[in-house]
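These protein sequence lines map, in sequence, to chains A and B. Numbering of the first sequence is given in this note's numbering, commencing with residue 1 and proceeding in unit increments. Numbering of the second sequence is given in this note's numbering, commencing with residue 695 and proceeding in unit increments.
Simulated from the structure, these hints should not be mistaken for lab results. Each hint should be verified, as a subset may be incorrect.
[Said to hold, decoys possible] Using C-beta positions, here's what the derived DEER-type ranges look like:
1) B:A1170 to A:Q607: 42 to 52 Å
2) A:Q607 to B:E1116: 42 to 52 Å
3) A:G684 to B:Q1286: 27 to 37 Å
4) A:K463 to B:G1149: 26 to 36 Å
5) B:Q1152 to A:E605: 56 to 66 Å
6) A:A500 to B:G944: 53 to 63 Å
7) A:I370 to B:Q1152: 20 to 30 Å
8) A:K463 to B:R1300: 55 to 65 Å
9) A:G467 to B:K1267: 19 to 29 Å
Positions of the beta carbon are idealized from the N, C-alpha and C atoms, including for glycine.
Take a look at the letters that make up each chain.
There are 2 protein chains.
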Amino acid sequence: MKTLWTCATQSLAIGLAMTITPMTTYSDEGMWLFNDPPRQLLKTKYGFEPTDQWLEHVQKSSVRFNSGGSGSFVSPDGLILSNHHVGADSLQKFGDAQHNYYRDGFHARSRDEEKRCLDLELNVLMSIDDVTERVNAAVKPEMTAEQAFVARRAVMAEIEKESLERTGWRSDVVALYEGGLYHLYRYKKYTDVRLVFAPEQQIAFFGGDPDNFEYPRFDLDICLFRAYENGKPVRIEHYLRWSSAGVQDGELVFVPGNPGHTSRLLTMAELAYQRDQRFPYALAWLNRQEVTLLSYSARSEENARRAKELLFGVQNSRKARLGMLEGLLDPRIMDRKLDSEKKLRQAVAAETRWQNAAQAWDQIAAAQQIVAQNARTYNLIEAGHGFHSTLFDIARTLLRAVEERSKPNGERLREYRDSNRESLELQLFSEEPLYDDFEIVKLADSLTWLTEQLGYDQPVVQKVLNGKSPAARAAALVLPTKLKDVAVRRTLYRGAAELAAAHDPMLELARQVDADARAVRKILETQDEAKRQAYARIAQARFALEKTGSYPDATFTLRLAFGTVKGYEENGKIVPFQTTIAGLYQRSSEHQNQRPFDLPPRWIERQDSLNQGTPFNFVSTADIIGGNSGSPVINRQAEFVGIIFDGNIQSLVLDFVYTDLQARAVAVNSQAIIEALRQVYAAGEIADELAGKR
Amino acid sequence: MKTLWTCATQSLAIGLAMTITPMTTYSDEGMWLFNDPPRQLLKTKYGFEPTDQWLEHVQKSSVRFNSGGSGSFVSPDGLILSNHHVGADSLQKFGDAQHNYYRDGFHARSRDEEKRCLDLELNVLMSIDDVTERVNAAVKPEMTAEQAFVARRAVMAEIEKESLERTGWRSDVVALYEGGLYHLYRYKKYTDVRLVFAPEQQIAFFGGDPDNFEYPRFDLDICLFRAYENGKPVRIEHYLRWSSAGVQDGELVFVPGNPGHTSRLLTMAELAYQRDQRFPYALAWLNRQEVTLLSYSARSEENARRAKELLFGVQNSRKARLGMLEGLLDPRIMDRKLDSEKKLRQAVAAETRWQNAAQAWDQIAAAQQIVAQNARTYNLIEAGHGFHSTLFDIARTLLRAVEERSKPNGERLREYRDSNRESLELQLFSEEPLYDDFEIVKLADSLTWLTEQLGYDQPVVQKVLNGKSPAARAAALVLPTKLKDVAVRRTLYRGAAELAAAHDPMLELARQVDADARAVRKILETQDEAKRQAYARIAQARFALEKTGSYPDATFTLRLAFGTVKGYEENGKIVPFQTTIAGLYQRSSEHQNQRPFDLPPRWIERQDSLNQGTPFNFVSTADIIGGNSGSPVINRQAEFVGIIFDGNIQSLVLDFVYTDLQARAVAVNSQAIIEALRQVYAAGEIADELAGKR
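Given the sequences, and given the hints that come with them, work out the whole structure.
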């Protein structure tokens, strides 16, 4: 349930407008802003009033994983808990033919053994400032959508740069409520992050793809890191105290974390586009990658190791999208959305002061049509589906970094603005191992995909293939490129002269398609801006009409969700709120301990040492989505009682609409973590640190 | 490398015109007709002159598997040898939760234990008659393409019915050289076919998907059946004697068999369509099925058993199509095709008497455009990709069988003509076990696919979904349908009154989409006819211009290929012509005996008993394609020296063009079969029967 960066990139392609949420929140709905929490709702429904201190403590105990996920500080010595599948990227990059940490797990028995991650960046949200006025002042009413986009980008970059220079903190301007608000988020950044502990993927992802997005579950989906500064573990003020009591049925819990993306107020026209074009395209691309990766993996164990994390991400995305598409194709859900849109349009149409807003639906549909016409090309040429190779990504980043650097900060493509420079370099100069054969397989397959999607005779396809078959072309690009060498990348990064002198085939390819890629990106960004303005008008009308507290759509920034720990009914049966360790052994034995229901040897050997009644996984009604993976689940006392790692299949519609009928967030119980660390992994020192015993 | 029926069906969708082959054959090219063998070529190149007796003997020793493959008689008691993957369909249908014959193999230790296949039909070609004149006489020059199609179908049905009534033999009129010739093929039919022996799928398909279409190989891809009549094994005159000597490097060999389909003389316009539309669509559909089936299979061992054969077929097709697409995208191959088309068009344009032919290319392109516009709908609605469920196939067959029966024989859809009735009923009343959950998974996924491909708002999609999500609709169709019961099918088959009284949801669905399905089928059949006529004009011009012996494109009818046993060069290395049993153990051990390179327990236990030097698999330059699976490889004395089971990856372009540079047919050596039967399977009685020792 992780928000992969690839997905985040993809979202631009399909013109995802961030929209305001329904004003009439009910039940446990909401991904709330930390500077605008649902105080009234919590007081009314649960009699709970969070203090400012409570909120600040929870905010600063929360950690964002820039590889796509969430986590939290769980000890004063900078220990951070997240999911195994959030740590997967780091675990994968450590591996080689002799070590498969992703599969086999890792345990640093002392601080010395803690292993520094190659390119992991963590962010802790330190402050939020409203900069809406300054941003809006830069955008004049007479501007075209394109001019407005440029002006907005410029003022946002300016604010970010000023803030970075003044505070030294990572500074991002975040558009909320589709431009109804602009907030400046400042983060403390950790780039020396070390791996402390990971269990075997077998137990972290017990049940594999079949059980992914399902419940009941029996997964120990955890991974422990430690933040360092100046070569030493950081001493921090805000971290979550451990609850040894776990959770009770019916208890109120909170989930601070970074939901990646929701689209709860897309117009019906946009939803129809997603249903008829976006998801079909995405599924075809994911299915293809899954088949290619499985096929590559089947050739040898080493291949399987190289592809494992990417394969997991692809399978995870595929299953999520299938579930979301099933929601979009379910009249019981979509009729409700249609009905609510109709009512709002009627209310807006009834008052002349909302005339502007009344036109917004058609404006969105018009912009959406242009997006639809260009999305495929965007996905292939700009989002990189046509050049699926880490080496290509490096080539493009080098090329653009140098080119964009010569422009004023505010005029650059967003990822090359000064405030993002350090994060960009961390990725670009990563020592992540790259494998020629794997790069060729991915690239050849995606060049074929590009050809299939655009047609062989398209000029850009002919340019890319350069008179060769996809397989031959991929080999001719990957084998000779020097970009595998990080030192070469550092040299090329210096400037245009170095780049020009390189004569590297991968750089040449990136250069050849860059004009096309930038052109299509500009089209989509312009239409996104047009939609943003139209959505903002709808939002204003809605604000005025409904006047209740609200939260914006998810933006992979810190939010606070809350909910009740409780089970649900499915096919006439009650699914209890929690599972136990005994259930794990039972499920494995029902499947004759066969993959993906096989237990790691240590779990088989230590079965008798484990307290079988220990609660393992549990569900709650908290409003979460991809990106929340690794989020702590906390109680009223802000104590750690569990860690989110998934949502059930019924929760996938949360992208479009909240429901607590069956949708549930799935978490690992804090008690199971301690039990496993002590009894299975002989990691008493970590358990002690978590429990505050050292 | 099996021609699945689903693929055969698909071929209509993309308007595959059967075309004549290049007149200037060279090297070992050719899928020759038994009544027009390459006598001159064989004499010149190999000094071999097959007698009429030789040809008749080989023809009548050859067996066509109507489930999609080839085989041969190998004993006077009706023993038939084919591939494990050709027998897969029968093996799969025998299985249940307790028995997995497909995976574990089968061995009847006595005649009593031979197990009757549920719906397998075998054909032995008895005679070939030229009926071109009679067919052509029925088609008048002034007819439109649609009228010509109807007239042709009528006269063909008439000829077949007459022949069936007179001889009792299955009678099919086959269009060769794209209507340059029409031949009446008469078959002796066997429907009481019993399974005698199958090895484990592990060894039949050693190396799995990674090694599929690759070489060197180490597969015992065999399966033995026996034909029965009146409850007793048939005594036959023509069967292949066994060679205990196997093959030598450089030896001339023959391959009689039923190649399914080639398209060697498609115009460049048609090839471009295949490259840009047909293959991309087919791959997306296959990728999707593969992911769905793998996902279903991972849930339990029983699921895996239920899906295994379908999954194999899908993976096999996917890999084949990827290879073919790679060929279509390879300028080294396509430039040659383009060049040859240019030369022919110039030659034709140069003479006024070929004016008609000169226009043919444009006529084909025009017809092809209409095909392209309708292919997707055809595939989804008529070829059944939108209703991927055996129960739906049964419903449609029942509905149409009754409806078509009321029409004159010659006006019916081709599969419902009288001469095919017995074969149709064998399938329709098959006791093949069907599983609700599996049917629902396939149907739900394909309903989603239908929706994605045509768009949710399309009337036909709305009609099919009937106000439900795909998953809910699939369950509402599969759970209540009575068609699972063969007795019910027999009742409904009686007539329209029975059908009308049934009120079965699956029948209702078939009925609802039938008008749309028939309409799009008619469009494609009409365009196919238009293309057929245009291709025939090109063929006539080419005949006149080149005047050399030739063979028609493959039509899943009996052909004779020939070739040399020899290795080839790949990446600068020589790939030897044969492998040995020792190589099998070596390859398995290189992969730590891990799937799909694991050996069956019996092969591990009996390793020391096996003569490690026994030749295992070998390659030759024979011109084969899907459908040839199971074809015997014979020597000049018409002795059985091996059995075809695959082509290497370089052979996949044989669909479009013959080459012996690297393309090779892959076979199991006769010696390995005997060695395995005796030493691994303790099946001495079968080995004796093969060797003629009893």
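Subject >> Hints the structure fails to honour >> reply: 2
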